[in-house]
Amino acid sequence: MQKIGVFVCHCGTNIAGTVDVAAVAEALGKLPGVAVAADYPYMCSESGQKMIRDAIREKELGGVVICSCSPRMHEATFRKAAAAEGLNPYLVEIANIREQDSWIHRDRAEATEKAIVLGKAAIEKVKRNAPLTAGESPVVKRALVIGGGIAGIQTALDIAEAGFPVDIVEKEPTIGGKMAQLDKTFPTLDCAACILTPKMVECAQNEKIRIFSYSEVSKVSGFVGNFRVTIRRKARYVDETKCTGCGECTEKCPQKKVPNSFNLGLDNRRAIYIPFAQAVPKVATIDADWCNMLKNGKCGVCAKVCGAGAIDYKQKDTFIEEEYGAIVAATGFRPISLSRYEEYAYGLSRDVVTSLELERLMNAAGPTGGTLLRPSDGKHPHTVVFVQCVGSRCEDGKGKSYCSKICCMYTAKHAMLIREKYPDTEVYVFTIDVRTPGKNFDEFYRRAVEEYGVHYIKGMVGKVLPEPDGSLTVRASDLIANEQLKLSADLVVLAAAVEPDPSARPLATLLTASMDTNDFFTEAHPKLRPVESPTAGVFLSGACQGPKDIPETVAQAGAAAAKVIGLLAKDKLVGNPCVAHSDEMLCNGCSSCEKVCPYGAIHYEEKEFRGPNRTVLKRRVAAVNAAVCQGCGACTVACPSGAMDLHGFSNSQIMAEVDAICR
Amino acid sequence: MPMNSPEKNGVGKEEAFRPKIVAFCCNWCSYAGADLAGTSRLSYPAEVKIIRVPCSCRVNPTFILRAFGRGADGVILCGCHPGDCHYTTGNYYTRRRMTLLFSMLDYLGIERERTRVEWVSAAEGAKFAETMRDFVATVTALGKNRRLEDLRCRN
Amino acid sequence: MIPSKEEILRISGVNTRKCMKCGKCSGTCPSYEEMEYHPHQFVDMVEKGEIERLAASPSIYRCLSCFACVERCPRGVEPAKLIEAVRLAVIREQGKDRLTPDDISALADPDLPQQAVVTAFRKYRK
Amino acid sequence: MQELMKARAAALLSEGKVNRVLGWAAGEFVYDVTPTVFESREELERDFVYSPFCGANLSKYLVKEARKEGKILVFLKPCDSFSFAQLVKEHRIPREKVYAVGVECYGKTDATALRSLGITGIVGAAEQYGALTLNTLNGERRVTVAEAMLEKCKSCKTKEHRLCDELLGEEGEPVSDCSRFEEVEKVEAMTPEERFAFFRGELSRCIRCNACRDVCPACTCETCVFDNPASGIAQKAAADPFEENLYHIIRAFHVAGRCTDCGECTRVCPQRIPLHLLNRKFIKDINEFYGPYQAGDDPETPSPLTDWKPDDVEPGSAVRKGGRA
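Residue numbers (the working numbering), protein chains in the order written: chain A, 1 to 663; chain B, 1001 to 1155; chain C, 2001 to 2126; chain D, 3001 to 3325.
It is possible that part of the hints are untrue.
[Said to hold, decoys possible] Lysine-lysine pairs mimicking DSSO-like chemistry, simulated, CA-CA at most 30 Å apart:
| id | chain 1 | residue 1 | chain 2 | residue 2 |
| --- | --- | --- | --- | --- |
| 1 | C | K2018 | A | K463 |
| 2 | A | K304 | A | K234 |
| 3 | A | K595 | D | K3068 |
| 4 | C | K2123 | C | K2018 |
[What the hints assert, rightly or not] Pulled from the structure, derived: some chain B residues nowhere near chain D, Cβ distances all over 10 Å:
| id | residue |
| --- | --- |
| 5 | R1066 |
| 6 | R1097 |
| 7 | Y1107 |
| 8 | E1111 |
| 9 | R1133 |
No lab work stands behind these hints: they were computed from the structure. Cβ atoms here follow ideal geometry from the backbone N, Cα and C, with glycine treated the same way.
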């Protein structure tokens, strides 16, 4: 029989004051299997630990129970002591007779009796403990950042700064994301390009960073420290290594009628294009949907003008496979489609635009060269109406139930910029609330009102009506004045709600990372682990986790990078040995466990088993990836056959504890 | 002997009845909450014995039935508040499982007050102690658990 | 008897607590100028239990039941249904019909679609 | 119908589309019908039956049968097809190894019920248009199908099949006036004392023969926890009186969210314990708490116990709501 040592701590008078520790040691010492039972003033002290170590050595103990303070306090201490003596640390159990006994009970007899029961339960548990060894797995010292917006850029830069190689996968031809499309940034009004493009260049020049633009992640396997990722490099029909970005082809391409997606379709570009002047990588891309050469083989102008010989109409999608230790999701956001909000006449009048479109209309590199002109007739607007919460805070089935967070501030910015550049323009902002929590945010909004004379009106716009004369009639309520307003506007700007980029959902499936009902990635803990996904090794950066402005995004990007660096700095990952494991002889392969696992730690294998009469049976059985499992035990209860059990908290251990307490 | 004879169920010696209570506590919230109750010296009856589990979702209905079978008078399960689970979703599964189990026990005529699920965070030491006091009082008032032991008793 | 707030909520099936006071209902109401109390005020007043004031106001007959407010409300509050409920509660009372058959000849003009008369008749009397 | 099924089975066998047929075989008595695997046209010709007594659900046998070489033909009544679909959903049966033929069913007959109607010595039975003609040693007797229906058929929920490759006979429709929860509601309406007494009366008759488990199409575990000494709850005979209770609660819990309410447990119980009352209570609770759910209905919807919503009902209030006492 396994020899068990029981050590009862006085904790000075903390325990001994209420619990008769000697009596506890005596009572527990009489139990079958207990080889030694002793008490001592401070078990956690050097001499107390020595007492335990001596007993382990001399009595050849196979298990140790320490009746002391909470395991949350000193479990690690005592495990270490046992390990030093060659006893597996997981053969140590703690009976909590301080926080859960001596400190809460005053009656000595009662407290002593309870201490004995708790000791008994721990003894019964330790008898069933198995020596556990934490699994180790190596860490591939390379990170993958999915998404090349400001979030992905910042995360990649920070990781590279720490000396680890990083790859950025961006689905567009250039990194930069939404921020590259913005004009100015709140609350400082510095220009987005001025602060973003240096970072983009830094990414391109940093030798630790590789940029896979016009690429997508197509397959992910493995687990924390050892992901294996397949990246699809979409054919851009231009050899990236040869293209110099001179732009000759984009000038000569005869297909001029391609809606310019970078300018949100407000103007046109060619079929071969570089999205914007500061694109990284500055490489042309052929839009296969519009290129005459690719569609019907009639053209080839770009190939002719390209001095570098970079054009390759025969280019195909290629796949590269790479290993990573950590993956960062930075897939960002986009404004929702407004097609279902007919009342605002978006799509009916070209002078009803979204805020992101306004950014382009005000951007010096935009379709109007930075002069604010109405898209319909190119005239200066004299009355501009902003509508807030278009699709945000909506439970009408058309929009999003959450607050998009950034609209109040960027609208204040837009209003301010318009008033500054065109003082003759009247600006109205219709709001439900103005939400400005953030450093210098409320001051910024107040400046818009007080210094720039923007008219903020509490109330919503009910309808925008395009008039035959080209103007827009805006019907809205002014709740403070208790009036219905009818304004004639030249331009209406809608603050469309933001939503996660649609590429996030399929990516989450590839990563087995969980998402909320709005398709934002879920954090491992909403307060304490906000930049980690519940899936180990997957981190979250930027608006893919929830609506965020630039400062917040950059802060979170840095935090995600720090988490990645912390992971990559390790040579080996030592797992928690208290993980689930499946008895494949009992497993039905029914997938119940897989469905409740929050970490995607369970997969299925077809395995061969010996059947009756020398036959071989193939069965589907569950297998737990110990490196990914966090040991919650949800699967153990979902499993109907009892095949799934948890190391360290096994069914038999818990039932032995129950028995010891109840008998 | 008639089942409800005073000698057998101890009526008249009510003050001597001390229920056996098993409390399953998740490691991250409720066990820490219990520790906080201890650190704050908030007393609750010694009848409560805590079993530490990593997450409330580790608690198999079998454990609860086992406890009753072995003579427990009440079983309480504590976990993180819904939405605050250390493992993100564990307590949501717990909630469904225990809802169904308790409903079944009630359906079988077993006093529903003998089973309880309570969400206690690591900061709620006072709530933990209060919950335990209340639960022990409830179970004590119910008296000894016999329904789960005696279901097949023929007379 | 003017019904209670609970009664109005029950008849209309509206949850006034969902209102976030954005005023979009009133921003969209074609009958706004005609009304003493506007759609958003209706929601607010029902929520505060001021049913009597509403019931006494001619506003309840000014609502066209066009349901623009119902269509546009971002929170699904459905103000028109509240107005409908209050109007119903009023005309259900003895002798409170808004319209009697005798009134019709005075109202009728050749441009008025007959359907409007029928609708008004259905809406304004028991 | 029987001849139609026989012919179709024989055809599929000879085409080589399947190499075995899972059906019902005649026994010594006409009401003693046994699930059987037929391997040849001759065996089919000799033994295959589809009679009013073919209540047995064949889907569970597929778990073992589908592991063998070749494809197997199975005949499924509507309720059986739900069990089949659920087992496929749980990966217990490889769908491609089974050729499922749905057969129409208007309720199967309970021989015990016939006996209590005074009909004994049955040597033949035929069903047409809801009427049952029984040849007995004492002459011909006629009853309606409804009069002597199996317990499970009385609360039939649908006559529509799931997941079948083909149908013989007509496809039915869901039973619109299915009142399968009425019995559960009756028990719920009792006081706790009455409920306790009721179930004590029922469950105390259990002899732990395990028939309910062995027939249950949701109980297909490779090794049942009650047969596994390591599980801590294994035993054939009750160690103390509580064990019976434990056995039935655990069994019901293990199949909760997976039980299709096929009613086989009650059909095979030699002690006539209404075991479906336990399973149906779980189904009713699931429907009320988490929205209507039918196991085996479709391959996607997650089982309610492997799913959750942030605003699910709390255990305490749920019991108060469900218990009503």
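Indices of hints not satisfied (ascending):
Hints 5, 6, 7, 8 contradicted; others consistent.
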